[in-house]
Amino acid sequence: MEKLLTRNVGKADSADIEVYLAGGGYQALKKALGMKSGDVIEEVKKSRLVGRGGAVFPTGLKWELTRKISTEQRVSPWMPREEPPSGWRAASKFIVCNADEGEPGTFKDRILLLNDPHMLLEALAIAGYAIGTTQGFIYIRGEYYREIEALEKALKQAKAKGYLGNNILGSGFSFDLMLYRGAGSYVCGEETALIESMEGNRGCPDCRPPFPAQRGFMGRPTVINNVETLCNIPSIMVNGGEWYSRIGSPDSPGPKLFCLSGHVNKPGVYELPMNITLGELIQNYGGGVKGEFKAALPGGVSSSLLTDLKVKLDYKSVAKAGSMLGSGAVIVLNKDTSIIDVAKNTIDFFTGESCAKCSVCREGTRRAGEMLARFANSGGRAKDIDLLLELGEVMYDTACCGLGQASMNVTTSAIKLFRGEFEQRLAK
Amino acid sequence: MITLMINGKQISVLEGTTIMNAAKQAQIDIPHLCYLEGLEPEYHCRVCCVEIAGEPRLAPSCVREVTEGMKVQTNSARVRRARRVIVELLLANHLIECPVCERNQTCELLKLAFELGVKEIRFEGERAHYELDETSPAIIRDPNKCVLCGRCVRVCHDVQTVSVLSLVNRGLETKVATYMENGLGNVECTTCGQCIHVCPVGAIKERSAVDEVWAALANPGKHTVVQEAPAMRASLGEELGLPPGTLVAGKMHAALRRLGFNTVFDTNFSADLTIIEEAAELVKRVKEGGVLPQITSCSPGWIKFMEHFYPDLIPHVSTCKSPQQMFGALAKTYYAEKAGIDPAKVVSVSIMPCTAKKFEAQRPEMRASGFQDVDYVLTTRELARMIKEAGIDFASLPDEPADELMGLYSGAGTIFGATGGVMEAALRTAYKLVTGREAEKIDIEPVRGLDGVKATIVNIDGLEVQVAVAHGLGNARKLLDEVRAGKSPYHFIEIMACPGGCVGGGGQPIGFNMVLRGIRGQTLYSEDRRLPHRRSHDNPSIIKIYQDYLKEPLGEKSHHLLHTKYTKRGRV
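Order-wise, the sequence lines are chains S and P.
Residue 5 in this note's numbering sits at position 5 of the first sequence, and the numbers go up by one each step.
Residue 422 in this note's numbering sits at position 422 of the second sequence, and the numbers go up by one each step.
Calculated from the structure, these hints are not laboratory results.
Please note: incorrect hints may appear among the correct ones.
As the list claims (entries may be wrong) - From the derived model, a few chain P residues whose C-beta atoms are all more than 10 Å from chain S:
1. N21
2. P293
3. K432
To be verified - Cβ-Cβ distance ranges computed for the label pairs, FRET-style:
4. P/M5 x S/N166: 47 to 55 Å
5. P/E389 x S/P210: 49 to 57 Å
6. P/G511 x S/G379: 28 to 36 Å
7. S/P210 x P/G462: 54 to 62 Å
8. S/K159 x P/E15: 43 to 51 Å
9. P/M5 x S/G279: 47 to 55 Å
10. P/E97 x S/G379: 24 to 32 Å
11. S/P250 x P/A53: 27 to 35 Å
12. S/P58 x P/R127: 42 to 50 Å
To be verified - One-sided excerpt, in silico: chain P residues whose CB lies under 8 Å from chain S:
13. R46
14. L58
15. L433
16. Y490
Just so it is clear, the structure is predicted and the values come from calculations on it, not from any experiment.
Ideal Cβ placement from N, Cα and C applies to all residues, glycine included.
Start from the sequences and build out the full structure, keeping to the hints where you can.
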């Protein structure tokens, strides 16, 4: 398959605007600005592109919702600000790019940010035009120093060349972008926590509904799209939504960046259509398993374990197999791995990263960690196996955000698939 | 109107209603912990979760708004299991010392665990261990009991706009903390104690002086003198099991005598005295072109708030001490002299609806008698426990008056305990001071009630006096910002730190219920109507103290004993 997202990766100076322009860069923006904004959204809807951050929401629909919604001013009880701070345009709605890539095992967005930042900027300008805003933001993971540098340089170049700023390409459309740096919190990658963080508040997720598309940053309708999602937009604009919708799997069209890691010979980011199987990904691209295959996490540590190598890596098939494709972080485990250690490792991560707002997540992750630690030390208690399953269900039921809801997925799937390992580690 | 089904019952509610409030209209009380009426819901606890047909997960009913045709189950097996697990999880990280916890009669977590049928805590493991925050003279925080519901953070930030408490850190490190963890005593905490009222557990409480007071009562070498704030008579009975709003002035005096206090006076007396001084100060400012508006100074939480956030307004604040401190200064001078007692032997105790009074008593300015004027401050709750500990059958006590010298009081003194009361009392006397006649209309209704900011114009012989009243520090800011901007139209402003005034003080029976606070206020107004004297200047003991001792309002003795100075504390 011809590469869309990573087509410029590996080119010399691929992050430079001249290289990007030479490869046909910013043509998509030019084309979009010549269209009605509603037609831009129609193209995106036709492409059947869905969010690549993990939530799998149709991108075109999200844009349309935000475009149509009437503006509603929300005065945050924590920080009542009527006017936005200086440095950006007061707009009635916003587009935010979520570049807070923090899911363990996910390292795809940084490839795009580092190698092709202009593709993202172009996509954001198109998105801004489509939903009808003049101000966008990129919320980027604070530790991505080199990526931040690349973006800052790209922003400067794009503004200098007139692809951002006032009256872009003489179209009358003005659009600016501003960079927000995260401060190291995993949960701020969750869209409502991300908004809180941008507003200067404690980075805790909010209840949904209302969704950010209805009431987001500064209380105004806000589209939040993942880096990878947005990077599909220029190709869709140039080649049309029809063309895009025929790529790869009919259920999940378009290319996907898979982050392959764990016990494989060739870990890395692979751009592939979503019609390959887990086994093909590992064998044909990852160079096979180091040792003997035991299980894989198809969507990072928030997803459930899979043992079936024949599962197709598209959103529907993975969900049908009891897991989720999420951001496409495929972590492979071999038979030397203790599944209890894997579960404990992931739950310890969530314990530390819980924003602690929901009692069930704050306390639940820690108690699960303690139970798993007892199993890890061969001191497990039989009743804890069922208690872990019950806790997993309650956390899924009651936690506010994806972190809490999904934090027990590895543990509960480990118990379901490898219950024997737990029973072997009971206290004597 | 939105029509929905709750537990199979169809109801119609207004658009924008939350599921929890809709359920209330269907006679269903959804269990909850972090939700509290009067505060913005923040859905921390997840206890109030409900099942909505067609949704994959449970929803927090405190924030989720109803939609047309919604089908809600508030009590399904799935919901009940979730609630039990959540309460078990909270208990697993809670310092469980219920028998000795001062909130064991009012603990919402204890109540929830019982009502939700929690039978065991299956999650054994580590519990957080924190040091107590004992830096404040008034309030002690025990983070080991905190359930991180965020109510204290919300009341401090949203209602009082003081914002000294916030949630810090993430994961297991999360806790409620003050700026740089300096402790409540070292930040802008006004010690108003509203955080105590909203805390569902025993994580915040007053610094108790009960043991010190018992020791003083047992010491034959000491002479104990006690005063009780106006609001006490409307709430002590409630704390001791009588219906809210029961007036217990007489029983209170009787109980204090039975506890062993040598002399039982009443702060209402010094409330009357405050009025004489403060009304004189107001008339002087108006006549001589002094700084206006004049702002009241009886609420020590407000005073500390002003010193931190509005120190530039110090010239506006009345120099009058609060009734507690006026009383304290006189107990060890006037009373000691009259009774022929060595003031060094006098132990002056005050019973207050307030936690900030504990702070105020320790201010270095409050030593006009040559000693600490008020030695110990007890809250309503502390006194109620002492009465119970002593085995006094409070409900059956006879009504007894306070001792006369500093115990007679007028209705004007009594209404100090409700928001607007000081204003009303001061205007009754100011009228006399300006005109030499008594006002025909003694009730000033527009300054009564629970509106956050109240304003009215009072005509004193052609002089239009503009007055305003605010209770709760968030409301106070509205008036203060006007004063600061030079745009305040008022001559006189009353500010009380606590919502409802002293009847809602930090030392009162636990709860953030404004209806109850309103009922207590009504009790004070009804006592006012029944008393033989309703103006401070008619109080015979007040007339006597000026004749025998103080000579004249704003005179030299008054200046020394009854007036004070303020400190520019600024922001921390």
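Results of checking the hints against the structure:
1. N21: 16 Å, holds
2. P293: The claim holds: P/P293 sits with its nearest Cβ about 26 Å from chain S, beyond 10 Å.
3. K432: Given a closest Cβ separation of 44 Å, the condition holds.
4. P/M5 x S/N166: 47 to 55 Å: 54 Å, holds
5. P/E389 x S/P210: 49 to 57 Å: Once the Cβ atoms are compared, 52 Å apart, the range 49 to 57 Å for S/P210 and P/E389 holds.
6. P/G511 x S/G379: 28 to 36 Å: 45 Å, violated
7. S/P210 x P/G462: 54 to 62 Å: 56 Å, holds
8. S/K159 x P/E15: 43 to 51 Å: Hint holds: Cβ distance 45 Å, inside 43 to 51 Å.
9. P/M5 x S/G279: 47 to 55 Å: 48 Å, holds
10. P/E97 x S/G379: 24 to 32 Å: The hinted range 24 to 32 Å holds for P/E97 and S/G379, with Cβ atoms some 28 Å apart.
11. S/P250 x P/A53: 27 to 35 Å: Hint holds: Cβ distance 32 Å, inside 27 to 35 Å.
12. S/P58 x P/R127: 42 to 50 Å: 46 Å, holds
13. R46: 4 Å, holds
14. L58: 5 Å, holds
15. L433: 42 Å, violated
16. Y490: Violated: closest Cβ of chain S sits about 25 Å from P/Y490, beyond 8 Å.
The earlier numbered hints that this structure contradicts are 6, 15, 16.
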